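Participant: So you can see what is in the structure, the chains are spelled out below.
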Amino acid sequence: DVKVTQSSRYLVKRTGEKVFLECVQDMDHENMFWYRQDPGLGLRLIYFSYDVKMKEKGDIPEGYSVSREKKERFSLILESASTNQTSMYLCATESGRVAKNIQYFGAGTRLSVL
Amino acid sequence: AQTVTQSQPEMSVQEAETVTLSCTYDTSESDYYLFWYKQPPSRQMILVIRQEAYKQQNATENRFSVNFQKAAKSFSLKISDSQLGDAAMYFCAYRSDAGGTSYGKLTFGQGTILTVHP
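As you go down the protein sequences, you meet chains P and A in turn. Residue 98 in our numbering sits at position 98 of the first sequence; the count goes up by one each step and never skips. Residue 103 in our numbering sits at position 103 of the second sequence; the count goes up by one each step and never skips.
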């Protein structure tokens, strides 16, 4: 089974703090994604990566950056957290670049920015 | 840009009954995939069922089936013999198969919370 692990289930941070959300997968998948989930808005893509050191912007990249130094790890970085970044963050992985592929998700990190 | 709309924020069903969750999408493309994902409370989101747009036959997975109407751009999920474990948030999602810059992006609907009553 694919295992996608997000480092924290719940996180509380202060406005202005630098926040790191980590995602690790154990299935050697090439593609990794970061989504943000908000009520009434569904999931929105923040950033994704097809390979080590590669990254591409999704629909809502503003205020976020990412890092992929190793194939199995994809980090989401909030350079200066703001209250409007309070949300559920989901990491996902998939193998290869085929449209029919399934994405496998982590359990999510619920971030509160105070 | 493609959009996916789930017009039912919440649905409920009695155990053992059948429920249908609605999803519509907007696209100008002919080749794409549609997905239903399930997110149980405090648990990971998992794939329920997948439909290729070029296939006229509706996909089925045990108690889960879809009604795919390509011309109407509708993709509903039917859950038969509902069980307590079916209670979850369900997301409809679309992905283009056109390749190029459209690849890789799943577009999700707003989600429907399904409650199953014993």
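Any given hint could turn out to be false.
[To be verified] In silico SDA-like links for lysine to any residue, alpha-carbon gap of 20 angstroms or less:
#, chain 1, residue 1, chain 2, residue 2
1, P, Lys57, A, Tyr54
2, A, Lys78, P, Asp38
3, A, Lys78, P, Ile77
4, P, Lys100, A, Asp81
5, P, Lys57, A, Pro40
6, P, Lys100, A, Glu17
7, P, Lys100, P, Lys13
8, A, Lys105, P, Ser80
9, P, Lys100, A, Val13
10, P, Lys100, A, Phe108
11, P, Lys3, A, Pro40
12, P, Lys100, A, His117
13, P, Lys100, A, Pro41
14, A, Lys105, P, Glu56
15, P, Lys100, A, Met11
16, P, Lys3, A, Lys73
17, P, Lys100, A, Val19
18, A, Lys105, P, Ser65
19, P, Lys100, A, Asn58
20, P, Lys100, A, Ser30
21, P, Lys100, A, Glu10
22, P, Lys13, P, Ser80
23, A, Lys78, P, Gly96
24, P, Lys100, A, Ser12
25, A, Lys105, P, Asp38
26, P, Lys100, A, Asn67
27, A, Lys55, P, Ile102
28, A, Lys105, P, Lys13
29, A, Lys105, A, Asp26
30, A, Lys73, A, Glu29
31, A, Lys105, P, Asp51
32, P, Lys100, A, Tyr54
[Claimed, not checked] Residues from chain P shown here face chain A by an in silico Cβ test under 10 angstroms; the list is partial:
#, residue
33, Phe20
34, Leu43
35, Gly58
36, Asp59
37, Ile60
38, Tyr104
39, Gly108
These are calculated hints, taken from the structure and not from any lab test. These figures come from a predicted structure and were not determined experimentally. All C-beta atoms in this analysis are idealised placements derived from N, C-alpha and C, irrespective of residue type, glycine included.
Participant: Evaluate each hint against the coordinates.
Facilitator: For each hint, the structure was consulted:
no. : hint                 : in the structure
1   : Lys57/P to Tyr54/A   : violated, 29 angstroms
2   : Lys78/A to Asp38/P   : violated, 25 angstroms
3   : Lys78/A to Ile77/P   : violated, 39 angstroms
4   : Lys100/P to Asp81/A  : violated, 28 angstroms
5   : Lys57/P to Pro40/A   : violated, 28 angstroms
6   : Lys100/P to Glu17/A  : violated, 31 angstroms
7   : Lys100/P to Lys13/P  : violated, 37 angstroms
8   : Lys105/A to Ser80/P  : violated, 26 angstroms
9   : Lys100/P to Val13/A  : violated, 30 angstroms
10  : Lys100/P to Phe108/A : holds, 15 angstroms
11  : Lys3/P to Pro40/A    : holds, 17 angstroms
12  : Lys100/P to His117/A : violated, 34 angstroms
13  : Lys100/P to Pro41/A  : violated, 26 angstroms
14  : Lys105/A to Glu56/P  : holds, 11 angstroms
15  : Lys100/P to Met11/A  : violated, 28 angstroms
16  : Lys3/P to Lys73/A    : violated, 33 angstroms
17  : Lys100/P to Val19/A  : violated, 26 angstroms
18  : Lys105/A to Ser65/P  : holds, 18 angstroms
19  : Lys100/P to Asn58/A  : holds, 16 angstroms
20  : Lys100/P to Ser30/A  : holds, 14 angstroms
21  : Lys100/P to Glu10/A  : violated, 28 angstroms
22  : Lys13/P to Ser80/P   : holds, 10 angstroms
23  : Lys78/A to Gly96/P   : violated, 30 angstroms
24  : Lys100/P to Ser12/A  : violated, 30 angstroms
25  : Lys105/A to Asp38/P  : holds, 18 angstroms
26  : Lys100/P to Asn67/A  : holds, 18 angstroms
27  : Lys55/A to Ile102/P  : holds, 18 angstroms
28  : Lys105/A to Lys13/P  : violated, 29 angstroms
29  : Lys105/A to Asp26/A  : holds, 15 angstroms
30  : Lys73/A to Glu29/A   : holds, 11 angstroms
31  : Lys105/A to Asp51/P  : holds, 15 angstroms
32  : Lys100/P to Tyr54/A  : holds, 12 angstroms
33  : Phe20                : violated, 21 angstroms
34  : Leu43                : holds, 4 angstroms
35  : Gly58                : holds, 7 angstroms
36  : Asp59                : holds, 8 angstroms
37  : Ile60                : violated, 12 angstroms
38  : Tyr104               : holds, 8 angstroms
39  : Gly108               : holds, 8 angstroms
In the structure shown, a violation is registered for the earlier hints numbered 1, 2, 3, 4, 5, 6, 7, 8, 9, 12, 13, 15, 16, 17, 21, 23, 24, 28, 33, 37, in ascending order.
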